Amino acid sequence: AQSVTQPDIHITVSEGASLELRCNYSYGATPYLFWYVQSPGQGLQLLLKYFSGDTLVQGIKGFEAEFKRSQSSFNLRKPSVHWSDAAEYFCAVGAVEYGNKLVFGAGTILRVKS
Amino acid sequence: GAVVSQHPSWVICKSGTSVKIECRSLDFQATTMFWYRQFPKQSLMLMATSNEGSKATYEQGVEKDKFLINHASLTLSTLTVTSAHPEDSSFYICSAMVARNIQYFGAGTRLSVL
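Going line by line, the protein sequences match chains A and B.
Just so we're aligned, residue 11 is where the first sequence starts under this note's numbering, counting upward by one.
Just so we're aligned, residue 310 is where the second sequence starts under this note's numbering, counting upward by one.
The hints are simulated quantities; they were obtained by calculation from the structure and are not laboratory data.
Treat the numbers as computed from the prediction; the structure is a model and nothing was measured.
Note that beta-carbon positions come from the ideal geometry of N, C-alpha and C, so glycine has one too.
Any given hint might turn out to be false.
[Claimed, not checked] Covered by chain B, according to a simulated footprint, are these stretches of chain A (three or more residues, beta-carbon under 8 Å):
1) 31-40
2) 55-61
3) 71-78
4) 96-108
Just chain A, same shape as in the assembly (with noise of 0.2 Å):
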């Protein structure tokens, strides 16, 4: 069965620090892979996304992901955290076999302290 593997459910970090939220994931077929912001009571934003070729990709608001298929692993990263990036970040997968369902993770609260 596909699974997302958030493996922290919170993250504190200073405001200036590096950031990295961990995903790893089960899947049985070529993935493709996205990381959402949430803000409470709100939507998801797409941050980035993985579709094929180079396996860093870029995104909105400083943000980069590498994909690690000998890992099953797409960490996000931000080298530096702004009081903003507070927020529910979610990790999901999604396959076109399996109808572009995305399966999510259980998502990592970042706090950012000052």
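Please arrange chain B on chain A, whose structure you already have, making use of the hints.
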């Protein structure tokens, strides 16, 4: 990016009544939309896939008679929660799929059933 409008953003209703939630793609056409449910502090769970001009496909365990989905046009899908009960209280989020299987999300609807 593509804009998805979801309305209403918050609704309170009495037990036994029905509630309709609208999901519109504002600047693109979407043959496929998705409906998700999100419980507090949890991830998104796919409820159903809505395809324009055909019946929705429901995920296992989702009552199709309780959660009626209509996708009558390329820009509008509706979710009707029929005979709502307190256990139906939740955050409902829709998404619309664009090219390359990317889903853009609405801002969500918080349903409170008294």
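Coverage claim, chain B over the stretch 96-108 of chain A, checked by counting residues with Cβ within 8 Å (three needed): Holds, because 3 residues of the stretch 96-108 of chain A bring their Cβ atoms closer than 8 Å to Cβ atoms of chain B.
Verdict on chain B covering the stretch 71-78 of chain A, where coverage means 3 or more residues with a C-beta closer than 8 Å: violated (count 0)
Proximity test - 8 Å, beta-carbon atoms, the stretch 55-61 of chain A to chain B, at least three hits: Check passed, 4 qualifying residues.
Given coverage of the stretch 31-40 of chain A by chain B, tested with a Cβ cutoff of 8 Å and a minimum of 3 residues: violated (count 0)
Of the numbered hints stated above, those contradicted by the structure are hints 1 and 3, listed in ascending order.
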